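Visitor: Could you use the hints to bring the two separately framed chains together as a complex?
Chains as they are written, first to last, in the numbering used here: chain C, 2 to 843; chain W, 6 to 136.
Nothing false has been slipped in among the hints.
Ranges of calculated distance between the beta carbons of each label pair, as one might list FRET restraints:
(1) C:F477 x W:G48: 48 to 54 Å
(2) W:T135 x C:A830: 35 to 41 Å
(3) C:K433 x W:L66: 53 to 59 Å
(4) W:V70 x C:P354: 45 to 51 Å
Calculated from the structure, these hints are not laboratory results.
Just so we're clear, the structure is a prediction, and the values are computed from it rather than from any experiment.
Beta carbons are placed, not taken as given, at the ideal position from N, Cα and C, and that holds for glycine.
Here's the letter readout for the chains.
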Amino acid sequence: MSAVRRAKASGHPGRDAFSETWNEPTGFPGGMATVDNFQIGVRFLVTSFSFFLVAGAFALLMRVQLARADNDFLGPDVYNRLFTMHGTVMMYLFAVPFQEGMAAVLLPWMLGGRDLAFPRLTAFSYWVFLFSGLIFFSGFLFDAVADVGWFAYTPLSAPAFAANGIDFWVVGLGAAEVAGIAAGSELAVSILRLRAPGMALHRMPLYAWAWLATAVMIVFAFTTLLIATLLLELDHDLGTRFFDDQRGGNHLLWQHLFWFFGHPEVYIIFLPATGVVSMIVGAFAGRIVGYTWIVVAILLTGFLSFGLWVHHMYTTGLPELSLYFFAGASLMIAIASGVQIFAWIASLWRRRPVLAAPLLFVLGFVFIFVLGGLTGVMVAVVPFDLQVHDTYFLVAHFHYVLIGGAVFPMMGGVYYWLPKFCGRMPNERLGKWSFWLTFLGFNATFFPMHVMGLLGMPRRVYTYPASLGIEGYNLFATVGAFVLAAGFAAFVINVLYALRYGAEASQNPWGGDSLEWALPSPPNFALYPRLPTISSRHPLWQQETDSSLDHPWQHVVEALDHRPEEWRATLLVDMISGEPQAIARLAQPSYMPLVASVGIVLVTVGTIAKLFLLIPVGVLISVAALFKWHWPSRTELELMRTSSLPKETGLPIFTTGSNSLGWMGMLFVVAVLGWSVGTLLYSYFYLRLYSDEWPQGGLPLPDRLLPAAMFAAIGLAAAAFGWAWSSFRAAHKLRSMVGLAAGIALLASFLVVHVVQLSREEFTPQTNAYGSIFFVLSWTVDLVVLIGLGMAAMTMARAWLEGKHWQLFLALSVQMTAHYGYFAAGVAAVVYGTLYLSPYGI
Amino acid sequence: MTNVARDQQVGRTALWFGLLGGAMAWTLHLMLAYIVAEFGCVGRLANYDYLGITLVAWLELALTVATTLGAGTATAVAYRSHRRLRSPEVVENVELAAERSTAWAGLLTSGTFTFVIVFESIPILYYLRTC
Numbered sequence: 002m003s004a005v006r007r008a009k010a011s012g013h014p015g016r017d018a019f020s021e022t023w024n025e026p027t028g029f030p031g032g033m034a035t036v037d038n039f040q041i042g043v044r045f046l047v048t049s050f051s052f053f054l055v056a057g058a059f060a061l062l063m064r065v066q067l068a069r070a071d072n073d074f075l076g077p078d079v080y081n082r083l084f085t086m087h088g089t090v091m092m093y094l095f096a097v098p099f100q101e102g103m104a105a106v107l108l109p110w111m112l113g114g115r116d117l118a119f120p121r122l123t124a125f126s127y128w129v130f131l132f133s134g135l136i137f138f139s140g141f142l143f144d145a146v147a148d149v150g151w152f153a154y155t156p157l158s159a160p161a162f163a164a165n166g167i168d169f170w171v172v173g174l175g176a177a178e179v180a181g182i183a184a185g186s187e188l189a190v191s192i193l194r195l196r197a198p199g200m201a202l203h204r205m206p207l208y209a210w211a212w213l214a215t216a217v218m219i220v221f222a223f224t225t226l227l228i229a230t231l232l233l234e235l236d237h238d239l240g241t242r243f244f245d246d247q248r249g250g251n252h253l254l255w256q257h258l259f260w261f262f263g264h265p266e267v268y269i270i271f272l273p274a275t276g277v278v279s280m281i282v283g284a285f286a287g288r289i290v291g292y293t294w295i296v297v298a299i300l301l302t303g304f305l306s307f308g309l310w311v312h313h314m315y316t317t318g319l320p321e322l323s324l325y326f327f328a329g330a331s332l333m334i335a336i337a338s339g340v341q342i343f344a345w346i347a348s349l350w351r352r353r354p355v356l357a358a359p360l361l362f363v364l365g366f367v368f369i370f371v372l373g374g375l376t377g378v379m380v381a382v383v384p385f386d387l388q389v390h391d392t393y394f395l396v397a398h399f400h401y402v403l404i405g406g407a408v409f410p411m412m413g414g415v416y417y418w419l420p421k422f423c424g425r426m427p428n429e430r431l432g433k434w435s436f437w438l439t440f441l442g443f444n445a446t447f448f449p450m451h452v453m454g455l456l457g458m459p460r461r462v463y464t465y466p467a468s469l470g471i472e473g474y475n476l477f478a479t480v481g482a483f484v485l486a487a488g489f490a491a492f493v494i495n496v497l498y499a500l501r502y503g504a505e506a507s508q509n510p511w512g513g514d515s516l517e518w519a520l521p522s523p524p525n526f527a528l529y530p531r532l533p534t535i536s537s538r539h540p541l542w543q544q545e546t547d548s549s550l551d552h553p554w555q556h557v558v559e560a561l562d563h564r565p566e567e568w569r570a571t572l573l574v575d576m577i578s579g580e581p582q583a584i585a586r587l588a589q590p591s592y593m594p595l596v597a598s599v600g601i602v603l604v605t606v607g608t609i610a611k612l613f614l615l616i617p618v619g620v621l622i623s624v625a626a627l628f629k630w631h632w633p634s635r636t637e638l639e640l641m642r643t644s645s646l647p648k649e650t651g652l653p654i655f656t657t658g659s660n661s662l663g664w665m666g667m668l669f670v671v672a673v674l675g676w677s678v679g680t681l682l683y684s685y686f687y688l689r690l691y692s693d694e695w696p697q698g699g700l701p702l703p704d705r706l707l708p709a710a711m712f713a714a715i716g717l718a719a720a721a722f723g724w725a726w727s728s729f730r731a732a733h734k735l736r737s738m739v740g741l742a743a744g745i746a747l748l749a750s751f752l753v754v755h756v757v758q759l760s761r762e763e764f765t766p767q768t769n770a771y772g773s774i775f776f777v778l779s780w781t782v783d784l785v786v787l788i789g790l791g792m793a794a795m796t797m798a799r800a801w802l803e804g805k806h807w808q809l810f811l812a813l814s815v816q817m818t819a820h821y822g823y824f825a826a827g828v829a830a831v832v833y834g835t836l837y838l839s840p841y842g843i
Numbered sequence: 006m007t008n009v010a011r012d013q014q015v016g017r018t019a020l021w022f023g024l025l026g027g028a029m030a031w032t033l034h035l036m037l038a039y040i041v042a043e044f045g046c047v048g049r050l051a052n053y054d055y056l057g058i059t060l061v062a063w064l065e066l067a068l069t070v071a072t073t074l075g076a077g078t079a080t081a082v083a084y085r086s087h088r089r090l091r092s093p094e095v096v097e098n099v100e101l102a103a104e105r106s107t108a109w110a111g112l113l114t115s116g117t118f119t120f121v122i123v124f125e126s127i128p129i130l131y132y133l134r135t136c
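This is chain W alone, in the form it adopts within the complex (with noise of 0.2 Å):
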């Protein structure tokens, strides 16, 4: 990237977070809100309610809204890499043909998983009361 403007470059983190970001933040989700199922359920937790919901599930709905608040922002940065890739100075630089197609990728992926986190957490809304 050694000939490209300063201000029309990405950097590493962004594109690396853009590309794995939403699949952390799913990985995070799924192993969480197993763990405090599982754990939560068999243990005490289960027995504790507020407003009417377990802190069970008061927990989940914490840790959906954690991630994919997580995994949106990976997607919002994976956005703004690939619009930034995209823009009328630099979409014909070939040295950037790598970025953009990882920011595109990026945004691919994040963007699903944060799909993914929200559709598997709908299950919670039906057990509120129980586990």
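Just chain C, same shape as in the assembly (with noise of 0.2 Å):
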């Protein structure tokens, strides 16, 4: 017996009260309120497949259509509007969703941790990515569905060629990369330093490893989407001029942005479905070749993904030198894609596993991957890419990479952790018939693309002529189609079964290494009531004798044996080694989460429906929300005060600094904002390096003296919640008040007179592309400034109702708030650096 299985087997006087702590509302209205990680990621599953099956049904319309030449199945206006929803939603609303769900269930099962590291976020994540999705397929009730493909390429989505349906799919679109980001960093979280003890990073399982990565790239990426769609729906709603080639905007802009996102997203796809393949061949083959080496591979994909954005524009006319940094890119990335694939098939090699429906789906990846890969690399090559490109090659090229690369292990995924989900096993037969049906009729469709794109035939077009050759290549790919379509009803209907017929499932079927299989099937709310300890890559295979028994933190697994009872709590480990370095608290359920998502839902209705009035109304439902949310109930906190934890592990319970999850997760916020700054001082020179004159349109250079005292004020406001957290450490209440009040009267009095000046500036952001950005950034540093703000307040709002363990309480607080002022003091100086001093050529 294992030393998790052991645990769980041992008997603790606690164990109701704790696990009642970890319970979840029921019901209708209780679950609306959930942090569940398992709950809240099988509904991320159930809904992302939901979207998945609709944009399949849109791609079957589209090969009915393309079956003949000349047809008119389809007119071209639907047909627009289907492969744009059709790729928006596969890309959007599935493909990234989708994983984010099997990794919000997993990753805390596989790491040993009691839940994610925010649950409430994790919530919040859902409810966002549901109603952006219904959001985008809102436009079809209104007639108003987005035709201009899942890129959106300007001037074609701008406000003179888009119908309205282009609001639904950026405002849809925004609401989806908040809810990404939010997952994202969650994650990347989670990973780092919610694991069980002595989980170091050489003895994390692959699929954390992939998930590492891939979170990281979702908080880089999705967050330069989400400033470009900004940027766009500014140009419809405002009339704003970023993407206006006649009043100084750029319409190559936008496919900077876009790529800059939508190049790592093919890797965001990716790179969890190897974590997947990864574990299931580790099961099958019963090891696993080469996991530094994967490692590597992972990382390395991870950075060079977000070098690759120009191969997308080759044909744009950019300057060809530019153009080879990134054909290197591309081509290198080969390499760490390869690596992956040689240590599989090294792990598998004279191994005999059993060809049950998971590997068989992990084989067909690797041949459809492959495949996709090699065509990858062609058109990697400049010349090679300008004859194939927008020819359906390129469609056949990216089926073979997502499909093959991400469709193909997610199912192979399902079959393989469905026991764990639901306790039952998959029927085999049918999970063969699905694999062959998917297998086969994936390679008829996508096959035969390459040499109709070889042959001329363009993407996007909704026929082609009997005389271009290509009709039988198109009937070919129709059926295959179909019989690709009867691949996914198979494994729908398997699912189904096993859900309500599957045999009983034993605890670990496939013989996994990982933690996930030591726990029940489905495992209870309360997961790890004793916390595993880990001493080996493969706890499940190498761990045969319970190792706690002689483990460094036997005394800290012992003291949190189905406890604390009142509140809930996991250990949070150092991000190298994995020894503990401190309890967390989780958070309880709370009904927060979908009432900020709510407030945002009515912003993206306001924005649409051009009923302006709902935006700050939205805005205040989400920031009282957001209050809500973070304001810490006073008896856990008197819980928290009152444990023997501290002294029975000699493990802290209030943290700050790395040491503490808030702080971790204000990293990424202010990386998120960060990053936001660094797109639209791209934005910025790009639009200036295209103009004839800056500023445009003969409009003065901007006064620097008034606006250099005012972004001084943040730098003073920063110095202020600096001084307030020495203050603070020395025991002066008072001084770190007075340190706190001052910088929130700075901030205040910035904003005051940043408005004023704004009103009096004698353009405006429609005038020209200039006046258009220069706002922008502006009223970034406003939103900057206003989070400080509101950081701050809350800060000293808490500070006025503690009572004699402020200095206990609010420590990480202040510390935030501080660390919070220097960053927004560097983006106030880095952005008037842009705006005042770089027109003079400074």
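Guide: Shown next as structure tokens:
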């Protein structure tokens, strides 16, 4: 019996109270408040798969249209809408959210944590994702469906050409990005800090490694798209000129921003799938060869994927020299992918694994992805790409990469983990049928497209003349598409069958090595009442004896066995070594994530329906919900303060800096804001580069003095917050309060004067692109300041209300306010330099 | 690492630099190389030349040398950490397994990125006089 299994079997007097604390509210209203990773993860899976089925139906309609030359089954307008919605839904509402759902369920199980780091953020992410999907599809109700492709190139998507469907597309996408960023931040912090004691980085499951890289990529890539879509929406609703070439804007700016997201997006979809493959291969082969090489390949892929965006823009007339840096990166990423492929093949070599459905899908993945990778190398070569750009060769290539590289592993992953999810086995015979139908159908559909593309069939065109000689290929592809759909249908039937009639699953039916297989199937709400200790990369294969008995953290595990009973806690470990560093409090169920997401819905509805009054109402609701969400329970704080766990474990409960989840969360907020500012600065200089004059339109150079004084106020506020923090550490409550109050006053003064100053500018955001980027960068500083103001005000209010334990309860809040203040000051300095000094040539 | 002799320890900074230094250098190289190419070729930089080589190409070459040195240093630091953690005195020490693994991953990662920087920069040699 492994350490984990024995732990599960141990009795404990506090079991009932502990379970009660971790129980989730039930019923419909309770379900709205749940923060349980399993429930929310499953919601992600079901919702995103439903979207997948709808988008798949769109694809079938398109294939029927293309089955014959000069067909009129669908008109061009409907066809344009269908391919837009197909791509959009698959990329934004299925591929990433589905994998996020899997990760939300699996990561705490695999890592030995009791939940994800920010359970309420998990819930918030789901609600926003659900609403974003509904917003996308609600366009059908108003005959306002976008028809600009999943990439929405300007000027096609700009106000001059796009129909009102673009609002649903842009706003829905914006909400989906918020959900993705929230999930990415949450997963990254969870992987880095919420692991079982002893689970050092080199013992972490490869699935977690893949998700660590992916989560960080999501934060940066999605933020870029969030800014891009925001600029596009401003062009539509506010009349800004970012993409209006007539007024100093630049339509290519959209492509840069979009593909800076778009290419990493492919790897954001692909990398988690490789994690699934590594876990399945490991279980079926009984080993994984080249663990460190796979980790290095994941890291290489994560970084290199951000260096490929221009390879989608070879035909846009960029300077030739710049193209080759990206061609080089595009070629090199094949090495990283190849390393993983070879490691999996080596793991399976001479192992005689059972060819069950999960492994079949993995083998199908290897075959298809290698083909997609090879064509990827081909299109990375500039001269070849110039020939096949916007032809069906590209359609074939990216479907080989995305369906082969992600959908096959996802299906394999569902078959693999389904027994753990529901305690029942899928039907093996039906599983094999689903694999062969999917595999053959996929290749029949997409392989001919390589040929069609080389013969000159363009993408995104609703029909083709018979004289092109590609009708036979198209008919074959259409038949293949229906076979593929039959494969997906068999998969769905099998999952539904397993849920109701499947044979009872053993605890570890595939012989996996990772911690989730030591949990009951399905696991309880209270994951790991007794935390497992890890001393091996393969705990279920190599920890046959209860190693926790002589483990250096035995006393920690004992102390936390079914404890604490009154509040939710898990261990926070060192990022590299996995040594316990603190006891972290996890959030209780709450309606606030739902309320905050409803606020976002109001903002989106207000934007789409041009009911602009709804926007501030939505913002107010979201902000109020966020305050309520983050306001700690006084009772919980008291329970934490009086807990004996610090004495028993030697670990603190009230922590600051990187030893606290709150600070780690703020790090990601700062990363998102910083990256947003960076994206806008790039836009500023890009627009300036292609302008004959700057400021545009003969506008005068900006005044430097008043803005210098204003922006200096942010620096002074940061200094005041820093002083507040140092006074706090010296136990001077009054001085600390004075520092916070001074910082708040300075920030508030900045906002007031800044608003007045902006209102007196002799240009507006609508004047030209210079005015647009000037105002948006200025508003971004205001937003950064507003967030700082909110943090400081909340800290101040708590300090005012706290009694004698203020120093224990507030340390983190004051520190975070100070650190955020430094960040705000940095942003202010950079934006000031850009807006007010750089036009002078400084 | 409390039970490990001080001279056998490898600092956290060295480990992180070894692991991520090469990647950071590559990121810097690609971003700056792109900015110099796009902004330099569209702007005025391409009009200046020294020794028959445009200012854009000089900047690209200088950037390549600097970032290759940066990535190479990260590789060397990772190699040094790895060698120290594989020395006979500590190779059996399980307390250092995480550090050892990180150093090895850093050696592979930073080494590869050093190669990628050089590989990506080969085309500069074909654009010494033009963009």
